[in-house]
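Enquirer: Chains as they are written, first to last, in the numbering used here: chain A, 19 to 302; chain B, 19 to 302.
There may be inaccurate statements among the hints.
No distinction is drawn between identical chains; accordingly, a pair holds when it is met within one copy or between any pair of copies.
Taking lysine-lysine pairs in the BS3-like style, the calculated list, with each CA pair at most 27 angstroms apart, reads [stated by the list, open to error]:
| no. | residue 1 | residue 2 |
| --- | --- | --- |
| 1 | K141 | K229 |
| 2 | K35 | K67 |
| 3 | K39 | K229 |
| 4 | K42 | K235 |
| 5 | K136 | K101 |
| 6 | K67 | K38 |
| 7 | K20 | K217 |
| 8 | K136 | K288 |
| 9 | K65 | K42 |
For the record, the hints were derived by calculation from the structure and aren't laboratory data.
2 protein chains.
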Amino acid sequence: MKLNTLLTIAETQAYVKEMKKSGKTVALVPTMGALHAGHLQLMQAAKAKCDVVIASIFVNPMQFGPNEDYAAYPRDFAADCEKLASAQVDAVFHPAPAEMYPAGYATYVTVEDDSTGKLCGAKRPGHFRGVATVVTKLLNITQADRAFFGQKDAQQVVVIKRFVRDLNLPVVVEMVPIMRAENGLALSSRNAYLSAAEKEAALVLSQSLQKAEKAYKSGQLQAEDLRAIVRQHIQNEKLAELDYVELYSFPDLREMTVVNETAILAIAVKIGAVRLIDNTILEA
Amino acid sequence: MKLNTLLTIAETQAYVKEMKKSGKTVALVPTMGALHAGHLQLMQAAKAKCDVVIASIFVNPMQFGPNEDYAAYPRDFAADCEKLASAQVDAVFHPAPAEMYPAGYATYVTVEDDSTGKLCGAKRPGHFRGVATVVTKLLNITQADRAFFGQKDAQQVVVIKRFVRDLNLPVVVEMVPIMRAENGLALSSRNAYLSAAEKEAALVLSQSLQKAEKAYKSGQLQAEDLRAIVRQHIQNEKLAELDYVELYSFPDLREMTVVNETAILAIAVKIGAVRLIDNTILEA
Numbered sequence: 019m020k021l022n023t024l025l026t027i028a029e030t031q032a033y034v035k036e037m038k039k040s041g042k043t044v045a046l047v048p049t050m051g052a053l054h055a056g057h058l059q060l061m062q063a064a065k066a067k068c069d070v071v072i073a074s075i076f077v078n079p080m081q082f083g084p085n086e087d088y089a090a091y092p093r094d095f096a097a098d099c100e101k102l103a104s105a106q107v108d109a110v111f112h113p114a115p116a117e118m119y120p121a122g123y124a125t126y127v128t129v130e131d132d133s134t135g136k137l138c139g140a141k142r143p144g145h146f147r148g149v150a151t152v153v154t155k156l157l158n159i160t161q162a163d164r165a166f167f168g169q170k171d172a173q174q175v176v177v178i179k180r181f182v183r184d185l186n187l188p189v190v191v192e193m194v195p196i197m198r199a200e201n202g203l204a205l206s207s208r209n210a211y212l213s214a215a216e217k218e219a220a221l222v223l224s225q226s227l228q229k230a231e232k233a234y235k236s237g238q239l240q241a242e243d244l245r246a247i248v249r250q251h252i253q254n255e256k257l258a259e260l261d262y263v264e265l266y267s268f269p270d271l272r273e274m275t276v277v278n279e280t281a282i283l284a285i286a287v288k289i290g291a292v293r294l295i296d297n298t299i300l301e302a
Numbered sequence: 019m020k021l022n023t024l025l026t027i028a029e030t031q032a033y034v035k036e037m038k039k040s041g042k043t044v045a046l047v048p049t050m051g052a053l054h055a056g057h058l059q060l061m062q063a064a065k066a067k068c069d070v071v072i073a074s075i076f077v078n079p080m081q082f083g084p085n086e087d088y089a090a091y092p093r094d095f096a097a098d099c100e101k102l103a104s105a106q107v108d109a110v111f112h113p114a115p116a117e118m119y120p121a122g123y124a125t126y127v128t129v130e131d132d133s134t135g136k137l138c139g140a141k142r143p144g145h146f147r148g149v150a151t152v153v154t155k156l157l158n159i160t161q162a163d164r165a166f167f168g169q170k171d172a173q174q175v176v177v178i179k180r181f182v183r184d185l186n187l188p189v190v191v192e193m194v195p196i197m198r199a200e201n202g203l204a205l206s207s208r209n210a211y212l213s214a215a216e217k218e219a220a221l222v223l224s225q226s227l228q229k230a231e232k233a234y235k236s237g238q239l240q241a242e243d244l245r246a247i248v249r250q251h252i253q254n255e256k257l258a259e260l261d262y263v264e265l266y267s268f269p270d271l272r273e274m275t276v277v278n279e280t281a282i283l284a285i286a287v288k289i290g291a292v293r294l295i296d297n298t299i300l301e302a
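All chains, full assembly: derive it from the sequences and hints.
Expert: In structure tokens form, the structure reads like this:
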């Protein structure tokens, strides 16, 4: 099967129109490229539920802060296309920035509740505005019936579900569990930045979460104690610097002192210059 | 033909799905009710272009400022439905505020360019955010192929065209010319607030615009001189208080000192306690 490469919005709309005319359902898997096995798992989940799978590859300038890694973000379109073709994805939408944000562009989608002010939202001002805006555009362009996102960016999924419901977008949003390397490291395009020593050090993310989860399953329900377990574990790794460790109810991200309902334990850690995130859901 | 009354989003989605299944095109005419002949002209324009016409009647709290007339805004759903039925409109979508903005609602669509900071945007902060948000929701709910808006709210049409293009909403936005009473008064639901004397005084809006337009057609191209004609005419009416008179390029609303391309001359005037707007397009 051939992978259809769609570089413009008009081409994509025409492609989708054709697919829908023959009664096919359409899945969208938005990515920023630099695809790894975690992305391919999203593609499989999409294939299982829809007739046609469109992956988008767009490093969205709007969701990067001025001091973040937009320019340096890994890009390898040719390699990505090979992976998508092997995964039998039907089409890839890969627009240029000027195709998505032409001169005079002026519209933003914002979510103004607790879901954007916490965790990465507090650390990356404007980030979720950029995410909400680009995902709204991608959903409108592809008219997707279902869209698939990874749990690694759990807060992103919460924000997306919020504006999809609020704006009455006719799409079902699905969250796919985190995919990890055998040693536990959550797969991420940003792992490509890590040296061998840093990759080793990065194991503190998943290990600290596992430790806290084990304590939770043994009856530790105090949020502060669970956060402290993570904090202490990460302190022991010299290459690691904790950005945040937070525990909120999930999916509504309310503060909690005692874990008496489903919660998310989420962390951001700098390993050298690379900021990584990870999380685990503590089922009630 | 029966007018279908749709009170919930789910009903409306089901109705539209049924219509689209049989290959019908759908028009949306968003209104805040208190329908007059100007609205019915929008319905006719919609009927001429689409198979199914849905009018929405929703007095949108999000687009009113705290000191504006949200509570007092005229509402008469039964009379509106009679008018829609006579005009052979297919369905009316009339949601409660809590249906559109349920508890936890948090998403806003904003247009951050010159189109929202001028004219009514400068005088009514947050107004166009409310308009953009509710129209996005209405378009998503009805999956309209075309949506119809009146030129009286010309700035609103500019803003809507902007975010429809920016967010890649799959809809064509159409602007229908201003409908006027025989004496020139632009039809508006807010005219219902006027006493007989005020209704007479309100003629200064259309008369002052006509005067300026006549001067323009006779070769007066200086924006400030055209504005002055309006200003002077309105000053002569004791019941009238000018809020703004502005002249911008149309539809992009850039400043201009000499009218050397298509422009809009737009005014807002308080007649007693009632704020009315009117405009005329000066064709290049």
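Enquirer: Taking the hints in turn, state whether each one holds.
Expert: Results of checking the hints against the structure:
1. K141 - K229: within (25 angstroms within a copy, 56 angstroms between copies)
2. K35 - K67: both (19 angstroms within a copy, 21 angstroms between copies)
3. K39 - K229: Result: close neither inside a copy nor across copies, 51 angstroms intra and 53 angstroms inter.
4. K42 - K235: neither (44 angstroms within a copy, 55 angstroms between copies)
5. K136 - K101: neither (34 angstroms within a copy, 49 angstroms between copies)
6. K67 - K38: Answer is both: 15 angstroms inside a copy and 23 angstroms across each meet the 27 angstroms cutoff.
7. K20 - K217: Neither. Shortest intra-copy (35 angstroms) and inter-copy (68 angstroms) distances fail the 27 angstroms Cα cut-off.
8. K136 - K288: within (18 angstroms within a copy, 44 angstroms between copies)
9. K65 - K42: within (12 angstroms within a copy, 30 angstroms between copies)
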